[in-house]
Structures are given as structure tokens and as C-alpha cells.
Amino acid sequence: MTGAPAPKFAAAARVALADTRARRELRAAAAVFGRRRAAVPEPPDWEALRAAGHAIRDAALLGLDAHLERLERAVTQAGGTVHWAADAAQARRVVTALSRAAGADRVVLDDSLPVRELALDAALSRAGITTAGPPARGADPGGEAEDGGGAARVAVAGVDFMVAETGTLVFVEAGDEPRASGGEAETLVAVAGIETVVPEWRDMEVLLQLLPRSLTGERMTALVTCLTGVVPGDGPREVHLVLVDNGRTRVLEDEIGRDALRCIRCRACHHVCPVYERTGGAPYGPVHTGPIGAILTPQLRGVESAAAASLPYASTLCGACADVCPVRIDIPEVLVHLRGEVVESRRARPVPPPELVLMRGLAWTMGEPRRYEAALRRGTRWARLAARGGRIRRLPGLLGAWTDARDLPAPPAEPFRAWWARRRR
Amino acid sequence: MSARDEVLRRVRSALGDERKPPPPVPRGYARRSAEPRADVVALFTERVAEGGAAVRHVGADELATAVAAALWGREVKRIAVPADVPYGWLAELDGVRALADSPPLDAAALAAVDGVVTGCAAAIAPTGTVVLDGGRAQGRRALVLAAARHLCVVHADQITATVPEAVARLDPVRPLTWITGPRGARGLEVLVVED
Ligand code: SF4
Numbered sequence: 001m002t003g004a005p006a007p008k009f010a011a012a013a014r015v016a017l018a019d020t021r022a023r024r025e026l027r028a029a030a031a032v033f034g035r036r037r038a039a040v041p042e043p044p045d046w047e048a049l050r051a052a053g054h055a056i057r058d059a060a061l062l063g064l065d066a067h068l069e070r071l072e073r074a075v076t077q078a079g080g081t082v083h084w085a086a087d088a089a090q091a092r093r094v095v096t097a098l099s100r101a102a103g104a105d106r107v108v109l110d111d112s113l114p115v116r117e118l119a120l121d122a123a124l125s126r127a128g129i130t131t132a133g134p135p136a137r138g139a140d141p142g143g144e145a146e147d148g149g150g151a152a153r154v155a156v157a158g159v160d161f162m163v164a165e166t167g168t169l170v171f172v173e174a175g176d177e178p179r180a181s182g183g184e185a186e187t188l189v190a191v192a193g194i195e196t197v198v199p200e201w202r203d204m205e206v207l208l209q210l211l212p213r214s215l216t217g218e219r220m221t222a223l224v225t226c227l228t229g230v231v232p233g234d235g236p237r238e239v240h241l242v243l244v245d246n247g248r249t250r251v252l253e254d255e256i257g258r259d260a261l262r263c264i265r266c267r268a269c270h271h272v273c274p275v276y277e278r279t280g281g282a283p284y285g286p287v288h289t290g291p292i293g294a295i296l297t298p299q300l301r302g303v304e305s306a307a308a309a310s311l312p313y314a315s316t317l318c319g320a321c322a323d324v325c326p327v328r329i330d331i332p333e334v335l336v337h338l339r340g341e342v343v344e345s346r347r348a349r350p351v352p353p354p355e356l357v358l359m360r361g362l363a364w365t366m367g368e369p370r371r372y373e374a375a376l377r378r379g380t381r382w383a384r385l386a387a388r389g390g391r392i393r394r395l396p397g398l399l400g401a402w403t404d405a406r407d408l409p410a411p412p413a414e415p416f417r418a419w420w421a422r423r424r425r
Numbered sequence: 001m002s003a004r005d006e007v008l009r010r011v012r013s014a015l016g017d018e019r020k021p022p023p024p025v026p027r028g029y030a031r032r033s034a035e036p037r038a039d040v041v042a043l044f045t046e047r048v049a050e051g052g053a054a055v056r057h058v059g060a061d062e063l064a065t066a067v068a069a070a071l072w073g074r075e076v077k078r079i080a081v082p083a084d085v086p087y088g089w090l091a092e093l094d095g096v097r098a099l100a101d102s103p104p105l106d107a108a109a110l111a112a113v114d115g116v117v118t119g120c121a122a123a124i125a126p127t128g129t130v131v132l133d134g135g136r137a138q139g140r141r142a143l144v145l146a147a148a149r150h151l152c153v154v155h156a157d158q159i160t161a162t163v164p165e166a167v168a169r170l171d172p173v174r175p176l177t178w179i180t181g182p183r184g185a186r187g188l189e190v191l192v193v194e195d
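These protein sequence lines map, in sequence, to chains A and B. First residue of the first sequence: 1, per the numbering used here; consecutive thereafter. First residue of the second sequence: 1, per the numbering used here; consecutive thereafter.
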């Protein structure tokens, strides 16, 4: 979180692309995921589960206010305390104050998405509180006692799902990423994005099948913990739930863009994305990466900044992400929609950006078949002149910016429509 | 305005006044299974083994011997057990010290044991998962997750054929721990008791 403007995706990606070792590792990670997934055959009802997951997440979002209120009641009734935070600064203040109130000079913090999003590590350090990761499970027996990871009074953990009906918090752990939700600490501070709520307990029967397979390629993750309020004699004596907005309601406003909030953070779209496979996470910015990051970050932050506005272009629109997404988010559709928003937000500027000139021109040309065919013939001739070795590397004039990060195949000598018309004659 | 009211106001304004009710959730996925019990139990065994955990079938009358054999096999010398573990499970222990978690063992005592023996609330055949809910013979979460080795006793009738069957059987108000494979609990071992 520095003050300098973040680089645009294409600029950051060029740096990442130069790092061949990182690219090899990314390819290897995608391959491991693919192998694991292939080793576990898709269950016969996978498509039915995806359809249900899609509907459950939509129901959660479309009734978000009622679900959050119901959740708050259930958590409170079970002995927990609910806090609300409209933005990251508020959330940081709440977590810091809770840690201080518990008298902790040391806090166990997991590496979950909300913890990273809110930069809680830095916030607690600034408040003079030492932070440590949760003890690794599956490490050598005996190792834990020395690192003393279990001894902290306060644990801060990111929530994966919360059940409005029962007030249950669900933590999903792949074996290599332990959560701080274990029974060790006296005070648990659970941090959750407001969109992670689901209406009913039985919705977990769907999500606990969709998430593990999409997250690790396995049938079930190593550990799942479901915690409802305070349980006497078992685990934390105080359970705090911090509900965080931080831009999510802004995403909710957009009827197409809000589909991104269905996300259950499985990262399956990362593993199949040809852009992410080559660039890695860094060019997307610090929190949300990969295809979902490309549609979520510009909406959370607004498309006014150059870095966020460049993200909807960080895609080839190949559609692999939509095919793999367990809750069927149509990422390419949202990308195209957001590109429109980016262009719109610049419409007001004195000199219209090239995309807008192009779009307006296209609309006029494609509005009428004869004009379209004439333009195709003309365009083909021009494009073949611009091509070198069958690829167009740089378009002339204002259009040049578009080819900064793209090569185009040169069009064939005869366009499809002309060939078709000739054949029919 | 409080943060709570501000967030709820934003949610309402984002969703607008003319909200469409969400379409009903299509629950056409496999919820119940008509598979014969024997096949369900066999599938559970297969999946636990596939996940890399040792699993054995025993008759109810062989359980005490099997528990002792499993612990000897791993050279486990000190175990912690929930206070209400059935006495019969531990009847054959010889040379293994069992500490009951009552009064609750402190962190130092937990760190000094090399295994725990528990029951479970449900098990899931297609995923090879055991689920503990803090009920009889299951203990608190810290006890289960602290030790290096976890020997879990599963009765055959606790094994469900689908994830939805397990979710329906479990009470979400109890603290639930779903353990799959040896990466969840270190060194998971499962004894399936055919009653
Ligand atoms: S958008 Fe990506 S990370 Fe989110 S649920 Fe879909 S596949 Fe998973």
C-alpha cells in the first residue's frame, strides 16, 4: 500500500514475463493442479452441483441485507459478537482494538484473502503487536512445541463461508495453508467479506463439494472447521466476527459486474488461464489475482485509475475460466462489460480515446451489411500491408496502443464472407 | 451513522427497490444414495486408503485388541483420550499410558503425548472423511488436532453415502472438524467397526 500509482497490467506483466524461473514454477503449479484434478474423476452430478452453487450464491447476494441481519442474530445468540466495517481502515481499527482488549502482545494471523486484503499484518505491527503465522499441520511431530505457535491469546482468521440460518463460520484448509481457526487461542477474531454469507446450512452440502475439487483437485480438503459461536470447554472463550464491506457494495450495484461476488475463491480460473500462467499474480495487484482479479479489482477500486482500468484488458477472452468456475461466473462476459465501462468513463474526456473512436466507427460499419463488406475488403488490403511474416505487430496511428500487448494474425487474402459469396454463386 | 447501518444501507441501495426474488436453487445433484450398505462401507475404506491413511475393519469384539495393535505398530507410548471414551476401547492397552482429558490437559501435557484415540460423529464414503463434533468419545478440537497421531474409531452405521447425507446428519451448532487424509490430522488411522 504505497502512495505511488500502481503500474498498468501490461507494464507489470512485461517485468513478470522476463522472469523465466517464475514462469516455469507457475506452469508446474498449473500442471500439478491439472494432474490432481485428472486423477480424481469428475463426479457424475458435477454440472448439477455447479448449477446449485450458482443459484445459492445468487440467492445470497440478492438477499444480502436480510441474510446479514439473520447471521448477526444467530451469531449473537450463540455467544459471538458481530462487528461491522464499511472500509479497510475501519476493519483494521476493529481488529487492532479487539487484540488490545484481549491483552495480546502476540497474535496468530493466517494467510487468508481478507487478512491480506486488509493488510492486517502491517496494521497490528504498527500497533506494537507481534504477529505470527499459524503452526503448520502435518509438519514433523514435535516441531510445533518449539515454534510456540499455539500459545498466542488471539487468533485472526479469514472466513470462507458463513451460514445465515445458524450463524456457523466455515474455515476450509488445504493441507499446506493452516488456518488460525483451531481450538488453541482464547479469542478468535474471524474476518469475513460480507459476500461470503450463504442462506442455509444445507447450502454447505453443495459448496463443500464444489470448493475442494476446484481448490486442490481433491474430493475434500484436508481440514474443514465449522464453528458456531462460543462452545463452552472447547476452543476460544470469545468469538468475534468482523463483517467487511470495503468496496463490495459498490460491486453489488452493477447487475452484470456483481456476478463476480459469487466467487468462492477457489483459484481454479487461475490454473487454466493462459495469461496468468505466463505473468503470475503480481501484475494484477496485491490482493485479487488471475481472471477473477481482472474483473473484481476494477470494480472494487473503480476504473478511474490506470492500473485498475488496464485489468479488464488482461485477458484473451478464451473462456477457459468460465468453463472451470464452480459457480459458473461468466468472467469473459463481465470483462467485456467492464471494458465498456472503462471506455465510457473516458467518453467525457476532451479527446476521445482510440477505443471509443473505433467502437463508434464499428457500430456505424457493422450496422449495415453492405458497408460491412466493403470495409472488410478495404481493411484486408490495409492489414496485409501492415503485416510482417504473417503477424501484425503494430497498428498505425492511434490504434498502435492496442497492439502494445498484442500481436494479430494477418487476415487471409480473401475474407470468409467473400469466399462464401463466391462459392454460392 | 454506525458502520452497521452504513453497510446495510449501501447493500439496500445497491440492490435497488425493485428486486427480483432469486430463482429457486435447483437441487438435482445426488443427495441420497440407494447403494447397498456393504458397498458404501467398502467405498469409505477404499477412499481412506487412497488418501494415504491406514484403515482396518474389525468386529466389535476385536476392537480393544485392534486399538492396542495400531498404537504398538506406531510405537505410540502416551495417548490422550476424551474423558468419555468407552472403557472397552482401551481395555487391552499394555505399555501405553492413556491420559484422560479431564480436567482438561494443558498445552504442555498435550505436547507430550504422541497420539489421540477418538470416535466420530459421521464419516463420508465418497471423500474418505471423518467428522468429529465434540460429542461422545470425540473430545475438544485442541485435543484432536494437537497430537502427532490420530486413531479414529468409526462405526459402520456412521458412514454416509454422500456429502449431503452427512450434512443432514450433522448439527452445525456443535463444533465440527472434518478430517480428510493424513494432512488434516497428522498420521490419521481409521478402524471401521462392523457391528
Ligand atoms: S471466479 Fe475463479 S476463483 Fe472465483 S469461484 Fe470462479 S473459478 Fe474459483
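Because the hints were derived from the structure by calculation, they are not lab data. There could be a bad hint or two in this list.
Pairwise CB distance ranges (calculated) [what the hints assert, rightly or not]: (1) A/Arg14 to B/Ala112: 51 to 61 Å; (2) B/Pro104 to A/Ile256: 34 to 44 Å; (3) B/Ala109 to A/Ile256: 33 to 43 Å; (4) A/Ala28 to B/Asp5: 44 to 54 Å; (5) A/Ile256 to B/Arg56: 35 to 45 Å; (6) A/Ile256 to B/Asp17: 11 to 21 Å.
Here chain A is said to cover these stretches of chain B; the calculated rule only asks that three of the stretch's residues, wherever they fall, bring their Cβ under 8 Å from a Cβ of chain A [what the hints assert, rightly or not]: (7) 4-11; (8) 39-45; (9) 57-64; (10) 87-96.
Just so you know, even glycine gets a beta-carbon here, dropped at the ideal spot from N, CA and C.
Going through the hints against the structure:
Between A/Arg14 and B/Ala112 the Cβ separation comes to about 55 Å, which falls inside the hinted range of 51 to 61 Å. At about 53 Å, the beta-carbon gap between B/Pro104 and A/Ile256 misses the expected band of 34 to 44 Å. About 57 Å separates the C-beta atoms of B/Ala109 and A/Ile256, a value inconsistent with the hinted range of 33 to 43 Å. Between A/Ala28 and B/Asp5 the C-beta distance comes to about 49 Å, which sits within the given range of 44 to 54 Å.
Judged by the Cβ atoms, the range 35 to 45 Å given for A/Ile256 and B/Arg56 is violated: they are separated by roughly 54 Å. Look at A/Ile256 against B/Asp17: about 19 Å separates their beta carbons, and that is inside 11 to 21 Å. Counting residues of the segment 4-11 of chain B whose CB lies closer than 8 Å to any CB of chain A gives 6, which reaches the minimum of 3, so the coverage claim holds. Residues of the segment 39-45 of chain B with a Cβ under 8 Å from some Cβ of chain A number 0, which does not satisfy the need for three, so the listed coverage is violated.
Given as covered by chain A, the segment 57-64 of chain B fails the check, having 0 residues with a CB less than 8 Å from a CB of that chain where 3 are the minimum. Given as covered by chain A, the segment 87-96 of chain B fails the check, having 0 residues with a CB less than 8 Å from a CB of that chain where 3 are the minimum.
Hints 2, 3, 5, 8, 9 and 10 from the earlier list are contradicted by this structure; the remaining hints agree with it.
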